[in-house]
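If you read the protein sequences in the order shown, they are chains A and B.
Residue numbering for the first sequence follows full-length UniProt numbering, starting at 1 and increasing by one per position.
Residue numbering for the second sequence follows full-length UniProt numbering, starting at 1 and increasing by one per position.
Hints in this document: simulated from the structure, not taken from any laboratory.
Quick reminder that beta carbons are idealized off the backbone N, C-alpha and C, glycines included.
Since no wrong hints were added, every one of them can be taken at face value.
One side only, chain A facing chain B, incomplete, derived with CB under 8 Å: (1) Asp186; (2) Glu188; (3) Gln189; (4) Glu191; (5) Ala192; (6) Glu194; (7) Met195; (8) Gly197; (9) Ile207; (10) Pro210.
FRET-style restraints, in silico, Cβ to Cβ: (11) B:Val16 <-> A:Ala157: 50 to 60 Å; (12) A:Ala114 <-> B:Gly232: 55 to 65 Å; (13) B:Ala116 <-> A:Ala157: 55 to 65 Å; (14) A:Leu159 <-> B:Thr56: 48 to 58 Å; (15) B:Thr56 <-> A:Val107: 24 to 34 Å; (16) B:Pro88 <-> A:Ala157: 36 to 46 Å; (17) B:Lys65 <-> A:Lys288: 40 to 50 Å.
Examples of chain B residues lying across from chain A (beta carbon under 10 Å, computed): (18) Leu52; (19) Val80; (20) Met100; (21) Met102.
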Amino acid sequence: MATQHSRSAARLMMAPAVILLLGWMLVPLTMTLFFSFKKYLPMRGDSLENGLEWVGFENYVRFIGSSSFWPSVQATLVIVGGVLAITVILGIFLAILLDQPFWGQGVVRILVIAPFFVMPTVSALVWKNMFMDPVNGILAHLWRFFGAEPVSWLSDASLQSIIMIVSWQWLPFATLILLTAIQSLDSEQLEAAEMDGAPVVQRFFYIVLPHLGRAITIVILIQTIFLLSIFAEIFVTTGGAFGTRTLTYLIFQRVIDSQNIGLGSAGGVYAIILANIVAAFLMRIVGKNLDA
Amino acid sequence: MGRIQLKQVKKSFGDVTVIPPLDLEIEDGEFVVFVGPSGCGKSTLLRLIAGLEDTTGGVIEIDGKDATSLPPAKRRLAMVFQSYALYPHMTVRKNIAFPMRMAGLDKAEQDKRIAAAAKALNLTDYLDRRPGQLSGGQRQRVAIGRAIVREPAAFLFDEPLSNLDAALRVGMRMEISELHKKLATTMVYVTHDQVEAMTMADKIVVLHAGVIEQVGSPLELYRAPRNKFVAGFIGSPKMNFIEGKEAAAHDAHTIGIRPEHIDVSTTEGHWHGTVGVAEHLGSDTFIHVHGVPGCSPMTVRVGGEIPVRHGDKVFLTPNLDHLHRFDAKGLRIA
Ligand SMILES: Nc1ncnc2c1ncn2[C@@H]1O[C@H](COP(=O)(O)OP(=O)(O)OP(=O)(O)O)[C@@H](O)[C@H]1O
Ligand SMILES: [Mg+2]
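One chain only, chain B, in its complex shape:
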């Protein structure tokens, strides 16, 4: 079981309110990702759930029981830190055993769980090494191992992959998703990388300055962002926003169109402009087009390769089925 409810939870550091009163429900077995720009309060929120910070107001319930003033050890949550926070003077085996030792589990059970975790995480050959003798990815797996042997009600991850290189990050992303499928335990995952959020989450919580902007499945957020902030944050490359006459024509203050929903042509189209930088990724090409009224530069995604160069003239046509409209306050117009 791992159902977490936040009711009117608030956090201030001195006079500065980092998280204004906030409500959130995390269902049992869900993979929830908190995303948002740096400094928006993601870590703070996670630490409030973990019990490492005291709330300034509100109630945190775990499995229906008030846990607001419970110490971290009593909440049955396991946390994986960004710095991994392994104990440097203990071997991998002792690191993983530590929470069980503190819980007073008998030796045979400890060994059984360590062996199982090591097997699942490919750590069997490294059990007698110290954290200092491991690579970043291996350390990451030890930190996860230390979390899973406790069989917690929920896992909390604070940007666990941000210290890894790009290739390893993709691999670990899969492993964590795989682990979630296998254990079916609630996971709360903090990241500022929207690709991680999109690929891993059952439910994404978009935070901005401590406020929840939107909660929903990855595709819900992609298809129907509630406001301009979410629209701009979810999706890569970013959505193009167009203001002024063009937007007024659609009865909106701002209209948004994603780079992948614009057609490019060298002969005819709705808008025209000149090509600036073109990023050729092989599978895709992102071109930045200058000179479109109300939006400059406009980013466009073209599948495969397209023979355009810096300075070329191109014509663009938006796919009107995928047009997003926002009012003067930035809220979505349905």
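Same shape as in the complex, but just chain A:
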């Protein structure tokens, strides 16, 4: 993309995609902003035809003033952070294991990727009913086998359970990206480090981990985008109870349960702000890995 000509050609050809994306984003964004400043309760007879009443920042004040707001932000951050930590650490571990030559490698690699193809709703239900059910779940049987009292996972350790379910879903993604990154590591570099007297652990921290830097960054950024808005896993397991109400879930409750579209829209704007804060934060920490 060096010459003036190729640059303008590139701009021209990218224009349709950019315009489409802009429209795609701008329409819902403007509508959300619009509703957030209006009183809009469809069950009470408000409708677009009759015109909506302008209420200024009242929705915003009410949303942030609600006792569930800060706990929901906290729950969101705990879930995102927990899942990121688990998937990245286990992902690196699994990627290193899968990179070793062993019998049945192809099959095992496919098996590892499998959870990613299961719909979030289905996997959450499977976990809820097959693993975590305090009476019939496999974990309950396991606990009883060792003479322990079965844990009511989704009520007593609700956040941890959700983190576990979501991590299970996203681990394959992290593993896959990190595996391809590990495979692109020049084996002569490892051999050179070995000759330079670096034992296995040092080779990992000085050679492998820096090489994975960019891949880890990508995993973190992409996963964060999706994790900030997880919904199905909470909906089918705890229904937002036991401290698992994330910001997304809170907005859903405001709009659907209380039928308050204006209030929900204000929540949506807060969610956008939160996502941007998280993104700015992440770019500061890991974004430099994307340069060069």
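Got chain A sorted already, so can you dock chain B with the ligands onto it with the hints?
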């Protein structure tokens, strides 16, 4: 100290034997070059010495001690890889410091050795750059720098110059030879370029399909190649081989004569033929002569320039003092 002995060392990958049992002695302070065609097992042999591959059989001794099952880090050998294998996320300084850091050397000593190496290798201005911001020759020097700061018992080089352009290669060749003179440390150098082998080595090891064909000083190999393979591999352009009646006249199955040991004349001589391609290098001219019985085309080196053209008739006379004779198995007849 850096005396390396291989005793009956063997290497197989699965069913394929790459190196049949092989004996070799490398004396302390020697510059030994492994040469051979691609795929003959040069790198494999070097990696066996380095400890990066396990031997299938035999014993490797370093300074008289059995090192066969020692891990690479314990062998006190430093290796320079063909791809340089620099650590891309570290600066040049950190790259060079890495082996010392792993050995737990104190900071002052590290800095001293880095400064010395950087000075010797002309890297002082580049210490804070990353490998990605260096030219090929500079990267090569960083790789060498990383090897010398460890003060190893021996250096192992695997085709270190093959990624460089011709001019730089000549320069680096000199620098490595110079370094060897200065450090007087054993160096084992792998190349498939026989010019590198001839110019740098104290001792050349010619390998062919994992077998050592001959070991000797460059001039020994040039003057008295043990067999046809070595005769054809050492020397540039290649030796001419003549079979049939001409060879039988010298009681041999094949006779060999180097291009530089043939006289050319336009009037009289032992053989005659027509000139094919003539390569004019200025200092030398290589002419390929067609029509010599038992050998076609025959390559001839003429010092300076000679006014012959494609299609001209020329007469050739071999210098019989430099004739090499080989039997039916390709072995030299003394
Ligand atoms: N890991 C391996 N598994 C199986 N065969 C191998 C392996 N490594 C090398 N070989 C085989 O061993 C032989 C020697 O390889 P090696 O790399 O030592 O050749 P080389 O002399 O260094 O060649 P080049 O000049 O091209 O580098 C080759 O035929 C190669 O195919
Ligand atoms: Mg090689």
